[in-house]
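Engineer: Assemble the complex: chain A is given as a structure, and chain B must be docked to it using the hints.
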Amino acid sequence: MRLMDYVQAQKLVNSYGIRSVGSRYVTSEDDAVAFASDDAIVLKVISDKQLHKASHGLIALNLDSEDKIRASYRALEKKAQQLLPYKILAQKMVRGGIEMIIGGNTDPQFGKILLVGLGGIYVETFRDFALRLCPVGKKDAQSMLHQLRSCKMLAPDGKSEEMIVSLLEKASKLFTENGMDELDLNPIILHDGTYDAVDLRLLSK
Amino acid sequence: MTEYANLDPIMHPKSVAIIGATDKPDKIGRVIMQNYLDVGFSGKIFPINVSNSGTILGLKAYKSVLDVKQSIDLAVIAIPAEFVPSVLEECGKAHVKGVVVVSAGFAEVGNVDLEKELERVARKYSLPVIGPNCLGVMDLRSRINTLFLPTYKLDKPKIGNISFASQSGAVGSAVLDVMMHEGFGLARFISYGNASVVDEVDVLNYLACDKETKVIVFYIEGVKRGKEFIEVARKATKIKPVVIIKGGRSETGMKAAHSHTAALAGNYEAYDAVFRQFGFTAAKDLKDILNYAKILSNQPLCTGSRVAILTNGGGLGVIATDAVSDSGLTLAQLSKESEETLRKQMPPIVNICMPLDIAGDADDKRFGDALAVLEDDPNVDALVVVALFQTPGADSRVASKLIHYATTSKKPMVVISMGGNFTELHKEMMESSGVPVYASPNDAANALAALINYSRYRQME
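If you read the protein sequences in the order shown, they are chains A and B.
Here the first sequence is numbered in this note's numbering, starting from 1 and rising by one per residue.
Here the second sequence is numbered in this note's numbering, starting from 1001 and rising by one per residue.
So here's chain A without its partners, still in its complex pose:
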């Protein structure tokens, strides 16, 4: 499996009208501090050799001071030496909200399938997800959302439901039109009446 470069993936995702949190690669402690410009940020090691970042301590969250940014940068850089070549991605920290996953998989029999579920660290614990074959239209998107036990958490009102339904339709297009085999937008943080995808994985064979 080939993982699409993060920044390239972000451009592609954004071109489908899917929001993602502001990110860019940083090349030094100073660069990371400059990117933060007084906001809290997240630093992530990006390497083809390790796809599961969180479980390997390759993410530093909630860096809200220059000291923390510098210390974390140095620590991540050290860990990443075994994962050459690597890059360090800086992202603005998104606080609060509920984490959702939208994904795509290619079934050997039926082809491309879209997934929505309760995301982040809860994906494997609660396994609360729904699948539909692509292309996913409005009705499919509504029915997959209603299938979730966490439906009311993710979409507490009509407006947020509309937002997620439209997001699923966009994700279906993104997934089917770009020769991808697997897709993870996980987590997508739902907050303040909007959302931000904070991690993206676009994989192809």
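Quick caveat, the hints were computed from the structure, so don't treat them as lab data.
Take the hints with a grain of salt, since some may be wrong.
Every beta carbon over 10 angstroms from chain B, so not counted as near; a handful from chain A, in silico [as the list claims (entries may be wrong)]:
(1) V7
(2) S20
(3) A60
(4) R95
Straight line, CA to CA, 16 angstroms or less: simulated EDC-like cross-link-like pairs of lysine to aspartate or glutamate [claimed, not checked]:
(5) B:K1158 x B:D1177
(6) A:K92 x A:E66
(7) A:K112 x B:E1269
(8) A:K152 x A:D128
(9) A:K112 x B:E1228
(10) B:K1235 x B:D1210
(11) B:K1227 x A:D107
(12) A:K112 x A:E169
(13) B:K1284 x B:E1221
(14) A:K138 x A:E161
(15) A:K139 x A:E161
(16) B:K1224 x A:D107
(17) A:K112 x B:D1272
(18) B:K1156 x B:E1182
(19) B:K1156 x B:D1177
Virtual Cβ for every residue (Gly too), placed ideally from N, Cα, C.
Structural biologist: For chain B alone, coordinates are given in the frame of chain A:
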């Protein structure tokens, strides 16, 4: 449009060759012959046996289909696997129109090349071939039965509107036997085994177009042509309900998946998505396929979920209310008019609320009055009736009243009756008249919910 196999010559043959027919007791070829004679097949039967040109069970036998020199619609092949491809070749040359290969010993035991050879010959002659490694077909209207199971081992079937297709012969014969035992009416039975030529897509397409089939019940273990399956499923579920159960649910997804999504979206999950998206009524337990088929085969579609519960026993009314709620349906609120009418008609001991408990002394008159009110109430979409035949008031007249409403009402109705012989008698009376009766309140409520879900799918678009 994709072309699908035409199974008409197999399901409505005017002449049948039974290859491997024999007089010897305990041989499959003998059982199949005997079954054809037993069901009273009215067409011509040609026993074929390579080492017998005398008579078999009193019919003139031939060494090969090529010797018959008359038109053969269906050939049933029951000979050792290694000889099947060459015999199939003869069927092709003799212009046989359809074939059922009951013989086992192909891909299922690793003889992949032998099965490929069978497939090649079938394609060469454009022969629809069901099997190999299958029970074949049963069709009570055209009186055919390729099953190699002696008739005394299965209950006697009734003609009806439910068709049952099964990849597995074991699931096929067990469920078929239960269907017969419980009085389900059968339209067609197709056990298609290894599906090397005629596969689940062809079978689904055939049953979707079949006028005698009102409900399709389908056991699958896998699908060979995913895209075509979906194409046919879209069409089929818009015409009639398809109750489906897939074996192999516990198979895990890809072990070392690269993404969370691939780890979650395993084999069964993909099937589950297809079932939901394309209007199947999916069951997870074998008992449910028949519970669902029962209501779908004789009750009207209904998209509303407000359920009125009528009972002649308090406790079962309470449990039925729980079951209705568990299955995602809601308890109906009777209209003011209904309440007033009921207050006038019912004795003072009857509390006019939901569930409506009309008491243990309720007779056919009281049941009838209550049913008439519920039938007319605009706040009621569907009816669950608990009819306990142990009660002083309940007898065959109550059953008749329920039959009247369940077969004439525009609202779907299910009956819950549990008990011993007296109850069984009335259950049979009601079921053979088209009333879905369940012993378990949960089964009744889940079946009603399945009907409502399917109705909503039909209403979409």
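Engineer: Decide, hint by hint, whether the structure agrees.
Structural biologist: Structure-based check of each hint:
no. : hint              : in the structure
1   : V7                : 19 angstroms, holds
2   : S20               : 17 angstroms, holds
3   : A60               : 21 angstroms, holds
4   : R95               : 23 angstroms, holds
5   : B:K1158 x B:D1177 : 11 angstroms, holds
6   : A:K92 x A:E66     : 14 angstroms, holds
7   : A:K112 x B:E1269  : 13 angstroms, holds
8   : A:K152 x A:D128   : 13 angstroms, holds
9   : A:K112 x B:E1228  : 15 angstroms, holds
10  : B:K1235 x B:D1210 : 13 angstroms, holds
11  : B:K1227 x A:D107  : 11 angstroms, holds
12  : A:K112 x A:E169   : 14 angstroms, holds
13  : B:K1284 x B:E1221 : 13 angstroms, holds
14  : A:K138 x A:E161   : 11 angstroms, holds
15  : A:K139 x A:E161   : 12 angstroms, holds
16  : B:K1224 x A:D107  : 13 angstroms, holds
17  : A:K112 x B:D1272  : 14 angstroms, holds
18  : B:K1156 x B:E1182 : 10 angstroms, holds
19  : B:K1156 x B:D1177 : 8 angstroms, holds
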